[in-house]
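K.L.:
The primary structure of each chain is shown beneath.
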Amino acid sequence: VAERPSPVEPDDPRLVAAARHALHDEEVVAAYAVDGDAADDAARARTLIDRCVLCQDLHADMVAIGSVFKAAASAEAIAAVRPAPRDYRLTASDAVRLRGGNVLQRLAARLRDGIAAFGRPLGASMAAIGVVGLLVGTMTLGTIGLGGAPAAMPIEISGTAAPDAAPGVGPGATAGVTSGSDPKASQTTDRTIQDAQSPDAREELTPRTLDDAMNGTGGTSLIFAGSIILVVAGAGLLLAGTRGRRHAPARNRAHP
Amino acid sequence: VEDLRPTTVTEDPVQRRDLILLERARDGDLSAFNDLVVVYQDMLFALVVRMVPDRDQASDAVQEAFFSAYRNMAGFRGGSVKSWLSRIAINAAMDAQRLKKRRPADPYPELEDDTWQPPADASADPVTTSLTSERHRALNGALAKITTDQRAAIVLYDVEGYDYAEIAEMTGVSVGTVKSRIHRGRLALRGLLADRMDLFRG
Chain A
1 VAERPSPVEP DDPRLVAAAR HALHDEEVVA AYAVDGDAAD DAARARTLID RCVLCQDLHA
61 DMVAIGSVFK AAASAEAIAA VRPAPRDYRL TASDAVRLRG GNVLQRLAAR LRDGIAAFGR
121 PLGASMAAIG VVGLLVGTMT LGTIGLGGAP AAMPIEISGT AAPDAAPGVG PGATAGVTSG
181 SDPKASQTTD RTIQDAQSPD AREELTPRTL DDAMNGTGGT SLIFAGSIIL VVAGAGLLLA
241 GTRGRRHAPA RNRAHP
Chain B
257 VEDLRPTTVT EDPVQRRDLI LLERARDGDL SAFNDLVVVY QDMLFALVVR MVPDRDQASD
317 AVQEAFFSAY RNMAGFRGGS VKSWLSRIAI NAAMDAQRLK KRRPADPYPE LEDDTWQPPA
377 DASADPVTTS LTSERHRALN GALAKITTDQ RAAIVLYDVE GYDYAEIAEM TGVSVGTVKS
437 RIHRGRLALR GLLADRMDLF RG
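Top to bottom, those sequences are chains A and B. Taking my numbering, the leading residue of the first sequence gets 1, the next gets one more, and so forth. Taking my numbering, the leading residue of the second sequence gets 257, the next gets one more, and so forth.
Because the hints were derived from the structure by calculation, they are not lab data. Bear in mind that the values here come from a model prediction, so they are computed numbers and not experimental data. Glycine included, every Cβ here is placed at the ideal spot set by N, Cα and C. Misleading hints may appear alongside valid ones.
[Unchecked claim] Here are the simulated distance ranges between beta carbons:
hint : chain 1 : residue 1 : chain 2 : residue 2 : range
1    : A       : Arg106    : B       : Arg333    : 52 to 60 Å
2    : B       : Gly432    : A       : Ala108    : 49 to 57 Å
3    : A       : Leu135    : B       : Ser339    : 57 to 65 Å
4    : B       : Arg333    : A       : Ala240    : 33 to 41 Å
5    : A       : Ala128    : B       : Ser339    : 45 to 53 Å
6    : A       : Ala240    : B       : Gly432    : 53 to 61 Å
7    : B       : Gly432    : A       : His21     : 19 to 27 Å
8    : B       : Pro269    : A       : Gly100    : 42 to 50 Å
[What the hints assert, rightly or not] Computed footprint of chain A on chain B; a stretch qualifies when at least three of its residues, placed anywhere within it, have a C-beta under 8 Å from a C-beta of chain A:
hint : stretch
9    : 280-291
10   : 300-308
11   : 444-450
Using the sequences and the accompanying hints, generate a full structural model.
P.N.:
Below you can see the structure in the form of structure tokens.
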């Protein structure tokens, strides 16, 4: 049986070169590949590269790797086309925490952050509800005004002001509105006027009318007051939220 | 108390703007500091993401860097605000790596993420683009396996173009150590890419 030849003979030039290369300082060659003639041991590196094939390969590989790195875009170039995935701006509470502020400062900062985060939607909602409230109040007053016109006759007579318009809120008011189309209602209205014009009735009617008026407009006033507060507070919150948001970070950014 | 604030007037408008913002931030203006954050956050993330294996970790490191910058504004001794922030970000990235104690053999979780090259323009040859992309991917994978110090030194020197002295200042080691990290790092990369070196020789 013929002996199988070894893939590497002891006197194989590759083996000899590898054995010799094992004694060479690869870092000197690597340094030369990076720094060229400015390298600390440039002369020695050149000698190694001239005499050793493996050092030559090593040098070529080092230069190739370096050139791929050099061709890579710098962080600045990358940043121009790929934004960071997060917004790293500091919140007011971050700043207080980092500065080591006291409990009150931290609470105030948290409140500012809260306003920055929720001020806009909350403010907008409050303002919207306020506006709706104002509209409802106005409509209610309008209804009173329309219905209260005939009933307002005693007001003129008795000398009392607008609150007396309130009796119109009751069934009489509806009658006043519909009097044109409903003869029955028209009679009711006429009777009301006549009753109101009678001096006896005037005395009886006036206190009751005032009470009713106070009750009717009291509710409307409450709606108005509440609505105005809501509008003002909502607008303030909206404004504060918008200002705060301009300075506060949105933690997550859409990645293009 | 000695005032360590920079007194030299710089001609570079960017640097002047940065110094003004930093000055205002030091006086307690948070929005001025946040303006600086907006200017540099993308660049710092792109820098850190090359040193830290995964994007979330890199993102946390950048956030930590800005926290650290805010805490240590008083320690700014003048010069380039960008370099100062880069130095803080690099240190934050290296700290994050050390704290996590990740094994250097762990590959980047996002090898498909081509953060190494800007998007190719329409006129680029598709073969060249593909080859470049393949090279960067291979290099990216190998880079994840070398030590954190070597990776930082290579990225700063070869990619970002900082010189040895700047890197030494940023990383807090001697110039000789920086050189050694770069040379050994490249040797390690060659070892890791031994079976793919044809990709680079062509």
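K.L.:
Does each hint hold? Answer for all of them.
P.N.:
Evaluation of the provided hints:
no., hint, result
1, A:Arg106 x B:Arg333: 52 to 60 Å, "violated, 30 Å"
2, B:Gly432 x A:Ala108: 49 to 57 Å, "holds, 51 Å"
3, A:Leu135 x B:Ser339: 57 to 65 Å, "holds, 60 Å"
4, B:Arg333 x A:Ala240: 33 to 41 Å, "holds, 38 Å"
5, A:Ala128 x B:Ser339: 45 to 53 Å, "holds, 50 Å"
6, A:Ala240 x B:Gly432: 53 to 61 Å, "holds, 56 Å"
7, B:Gly432 x A:His21: 19 to 27 Å, "holds, 25 Å"
8, B:Pro269 x A:Gly100: 42 to 50 Å, "violated, 34 Å"
9, 280-291, "holds (count 4)"
10, 300-308, "holds (count 5)"
11, 444-450, "holds (count 3)"
Checked against the numbered hints given earlier, this structure breaks hints 1 and 8; the rest are met.
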